[in-house]
Amino acid sequence: MTADTSVRTSPLAAWTDRLAALAPALDVAERPFLTQLTVRARDAVAVARMGEALGVAFPADPCTSTRGGGPFGDVEVLWMGPDEFLVVAGPDRRALVEDALRAAVRPARGAVVDTSAQRTTLALSGPHARDVLAHGCAIDLHPSAAPTGTCVQTLLARAGVVLRVDDAECDAFTLLVRSSFAEYLAAWLCDASVEYRAALS
Amino acid sequence: MSAAFRLPTGGHVDRGTELRFTFNGRSMTGYRGDTLASALLANGEHRIGTSVKFGRPRGIVAAGSEDPTSLVQIEQPFPEPMLTATTVELYDGLVAHGLPGRGRLADEPDPARYDAKHAHCDVLVVGTGPAGLMAALTAARGGARVVVVDEQSRAGGALLGTREYLDERPWTEWVDDTVAELRGTPGVLLLERTTAFGVYQDGFVLALQRRTDHLGFDAPAHAARQRVWRIRAAQTVLATGAHERPVVFADNDRPGIMLAGSARTYLHRYGVLPGTRAVVFATDDSAYAAALDLANAGMEVAAVVDARPTAPRLLRARCCAHGIDVRAGHVVTGTEGGDRVSAVHVAPAAGSDGSADAIGTAGAADTIDCDTLLVGGGWNPVVHLFSQAGGTLRYDSRLGAHVPGQAPATVRVAGSATGAHDLSACLRQGWEAGCEAALATGSRPDEVALPASEPRAGEQPGLVLWRVPGEAPRDAPDTRFVDLQRDATVSDVLRATGAGLSSLEHVKRYTTIGTAHDQGKTSGTITAGIVAEALGVELSDQRPTTFRPPYTPVPFAALAGRDRGELHDPARVTAVHAWHVARGALFEDVGQWKRPWYFPLPGEDMDTAVLRECRAAREGVALMDGSTLGKIDVQGRDAGRFLDMLYTNKMSGLRVGRIRYGLMCGVDGMVIDDGTVIRLAEDRFLVTTTTGNAAMVLDWMEEWLQTEWPHLDVYAASVTEHWATFPLVGPRSRDVLAALAPGLDVGNDAFEFMAWRDTVLDVGPGVTARVCRISFSGELAYEINVTAWHGPAVWEALMAAGEAYGITPYGTETMHVLRAEKGYPIIGQETDATVTPQDLGMAWAVSKKKADFLGKRSFDRAENNRPDRKQLVGLLPLDRDVRLPEGAQVVDTDDLPEPPVRMLGHVTSSYRSAALDRTFALAVVRSGRERVGEILHVPVGDGLVPVTVTESVLYDKEGARRDG
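If you read the sequences in order, they're chains F and C. Sequential numbering from 13 applies to the first sequence in this note's numbering. Sequential numbering from 4 applies to the second sequence in this note's numbering.
Calculated from the structure, these hints are not laboratory results. Each hint should be verified, as a subset may be incorrect.
[Unchecked claim] Heads up, simulated SDA-like pairs for lysine to any residue below, C-alpha to C-alpha not over 25 angstroms straight-line: (1) C/K120 - F/R142; (2) C/K597 - F/V19; (3) C/K120 - F/D179; (4) C/K597 - F/R30; (5) C/K120 - F/S18; (6) C/K597 - F/C202; (7) C/K120 - F/C75; (8) C/K120 - F/V19; (9) C/K825 - C/V885; (10) C/K120 - F/V206; (11) C/K120 - F/A180.
[Unchecked claim] So, partial list: chain F residues that the calculated Cβ filter (under 7 angstroms) puts toward chain C: (12) A35; (13) D39; (14) T50; (15) A171; (16) E195; (17) E207.
These numbers come from a predicted model, not from an experiment. Glycine is no exception: its CB is placed at the ideal position from the N, C-alpha and C atoms.
Assemble the whole structure, with the sequences as input and the hints as a guide.
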């Protein structure tokens, strides 16, 4: 399934330049149109089957995530709650991934919901990424406390986000934010970067 | 020109950087590293302003944030009220003046940035005096993550007021080395100019960092001026030091009367002498150090007046060597002077056993001329943060102060905050606290050598003396000030105890002592002592007043931080928001959402715009952005059963492909939300909620699923923002939809009311829509749902396809009018948590067959079945042009009597209708349905507006317009 991007608009399309201008203090860019599926399942066998179907084991521990590749390309699975996961794959893979998950979860209790446009995704990195996040996020993101793969639902400033640590040593993070809050969050990131940008210029 | 009282050398000021400033209209100079207070003293200026109540001249009492009197108003670079001169770092161009209590806020917005930052650590150390630095160094060397905060611009703590040696070097070298090591250690964050002002549960500490205040006009605009640090610490070491305590005597408030230790700080830290000729009033050995240091620096010290019966022998001898007259067994009984103290009265103290209550004055007073009186009444450990953390306090009668008692498990105290006065003990306590804190967090502290320090003389214990005994003058105001900022005296305290107050909390509120900017740092303990004496009780039996955050004043601007302007509260926007803005929409706030309210054309007012939008919806075609509607995907084998329990009507019987309107009640049978339920598959539904209740309904579902019905195979997920939702309304809506969805049979039979279809839209590749035939206006209408990504393109395509039909975008106001004309309630507008479905005239939506559902039992309550419940009706003002105010009361009289007036109900919605060509309203009215046809009245302003009660449905009662 393909889609013409000219008829798709991501929540932060209008912010591309403003976000790009934050570099090098903060490398931040929207990763638009990712496939996102909310998965609910408690049955361990069903969860394992879904992992096999995607080629990446579902995270077993709270506040962690897994990443791997399989028939649907690179896939991340984020732990969202005791029986809730968010499966993130590349753009335009929704139908196939949803079918695979739905087939794998049966006959156990479970649910698969397309939430691709519910949130948009921001990739953050750079020497001040952790500093900028610390202005609005109460979570300890020191590598010793939040190693690579850490995934939490928290507040960044006044917006709820899913925050994933992509690479703790390189200070690379992913933020998933509800689409309606995306512009607020982008404005906040720009504001929180002011001092670090000035220090570099 | 160098200031008169600045010594030629010494002090931690940068003599190469001269700073000009203006105080009380006088231009002066100081140095980088000065506070406003030290610069003023260097220029011989003691008088800051006048007191708030009595207008008495007041000066500078202390050298830090405990100062009770030196309130100033900053005028330049930006107005800021009520700062203490002792905490304002000097900068070039500063303009300030003294304040009698209150100041003024700027009448323009503060241009400075304020922000906040979170920090996490194993060990937080508060204070960089000898104890704090040892604790931090020990924990840091052990590999712990350490945050160190200190309110001063320079590390050293109490050492700043001394010329101590550590490891046989001036203390500055050891401190600077230690600071350098801490700064160079990864995982250590050292914050100077940072005051920990609040300690909360679980190791949460708030601290205010003054980052650019000291730069004045040179502060960079991009840098946050002040920052609130939100620190979460596994272990906390409080090395907060001690405040010197004054002694209360008559006329103890004149400028030039200072704390002895503070004078020492001005000497050693700033190279400033407090005057030319001093008298020192001592109750302990530490005040002698001030006398000796000042004498060494060249100041004339006329006398040391020691309240103790005998003076310490060695110190006395050293004083004698300087020609200082030491008068043991004497007290200061009063002072003379105007804007500056000019003499002190000294008299022998009665009693010889050294106890406070035995001291009185006896014999004739002697007068000693001086321009400076230094007072040392002992030291209060700074236990504010310890107490905030939940530590208990214990009264130490030897010190005359409260000291830390039982500490919370994660809190340790070190240094003079424990009551220790000996430098070696402070260092050792710091090391111990650092070790224990580091060990508790799994770090392994190495051996850290304690720097060698000179043993203290410590010859003779101090005398605890709250006030010099004596009576208040009979025919003049009492001048024995306890709280100098509040102008509260010994007489005020005694009046409180005389009135029967015994609790310190009550005395505090009665006298206002301890309620000023300084929160009683120098007056609290003395008040407790005077109260205890007056009541004849032990101070140890008195519960001290509660220490609450903040330790020092915190500007609201700092607490607000970046949460101001557009960042104050997130504005949630839909995918099509930019289009609405470009089209000139005005917005209505619904929760955090920005919803288009109406789209005025140039020159249109709201009424005109809304009438035009309504007309388009009823006569042509109109389009709305309804994306904010809450949407919840409900999946699982038991989804139908679950929804049957949640809604008042039956959902499990709904066929796939069909839609049903549903009402949701709380367990009390009151309506909490409404919306549509569409059946996607046997085991899957999509339900909509009102915009404001989306999160509440999802939580409501989860609560029942997790707590009461975990056996149900049901999962609920929010998909609100996955979908963009566009109601396309009006008789021509079918034409517009047909143009955009060529593959969809839009005929009335093929696509009937309350059905939904998935279809491809002719907008671009891969654009599909879920189209629901529902109507919130009574008109033929389609709700077009596409993924939010496709929202802008589909919206524009709909506008283009509808152009030939005059398609009109409309907002929430028009939506409200259209639905009100049809009598459709809005949850939260017609309802207020006391309204049942039956009250709304919606008994048809309440199942009689279902065995159970939330709220069902309550429908049998007698109260729910009273015939005089408030019921939803329409109101038509007799004057077709009068629009009733929403919220107006409804009464059944045309002649308003004196209150109380029996109210029948109130207006819930009120509009001007294009379709009815008149105004109308909805209201909840007692026995409303029985009253249809009656004339009632609505008080508006001074008059009564007569209205006819009607059924709630006012337009197209037959429902003929639904199918186009």
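Outcome of the hint check:
Taken as a hint, the C/K120 and F/R142 pair is honoured in the structure, with Cα atoms around 11 angstroms apart against an allowance of 25 angstroms. At most 25 angstroms may separate the alpha-carbon atoms for a hinted pair to count; C/K597 and F/V19 meet this at roughly 24 angstroms. For the suggested pair C/K120 and F/D179, the alpha carbons sit about 22 angstroms apart, so the restraint of at most 25 angstroms is met. Taking the CA atoms of C/K597 and F/R30, the gap is near 22 angstroms; set against the 25 angstroms cutoff, the hint holds.
A distance of roughly 40 angstroms separates the Cα atoms of C/K120 and F/S18; the hinted pair therefore is violated under the 25 angstroms criterion. Restraint check for C/K597 and F/C202: satisfied, since their Cα atoms lie roughly 21 angstroms apart, inside the 25 angstroms limit. Distance restraint check for C/K120 and F/C75: the Cα-Cα separation of roughly 23 angstroms lies within the 25 angstroms cut-off, and the hinted pair is therefore satisfied. In summary, the hint linking C/K120 to F/V19 is not supported, as the alpha carbons are separated by about 40 angstroms, beyond the 25 angstroms threshold.
For the given pair, C/K825 sits about 20 angstroms from C/V885 by alpha-carbon distance, which is consistent with the 25 angstroms threshold. Restraint check for C/K120 and F/V206: the C-alpha separation of about 14 angstroms stays at or below 25 angstroms, so the hint holds. With a CA separation close to 19 angstroms, the supplied pair C/K120 and F/A180 stays within the 25 angstroms bound. Taking 7 angstroms as the C-beta cut-off, the interface hint given for F/A35 is violated, the closest approach to chain C being about 17 angstroms.
At a threshold of 7 angstroms, the smallest CB-CB gap from F/D39 to chain C is about 20 angstroms, leaving the interface hint violated. At about 5 angstroms, the closest approach between the beta carbon of F/T50 and any beta carbon in chain C falls short of 7 angstroms, and the interface hint on this residue holds. The criterion of a C-beta within 7 angstroms of any C-beta in chain C is met by F/A171, whose closest approach is roughly 6 angstroms, and the hint holds. Using the Cβ-Cβ criterion of 7 angstroms, the hint placing F/E195 at the interface with chain C is satisfied: the shortest such distance is roughly 6 angstroms.
For the restraint placing F/E207 at the interface with chain C, the shortest Cβ-Cβ distance is roughly 6 angstroms, inside the 7 angstroms limit, so the hint holds.
Comparing the model with each numbered hint stated earlier shows that hints 5, 8, 12, 13 do not hold.
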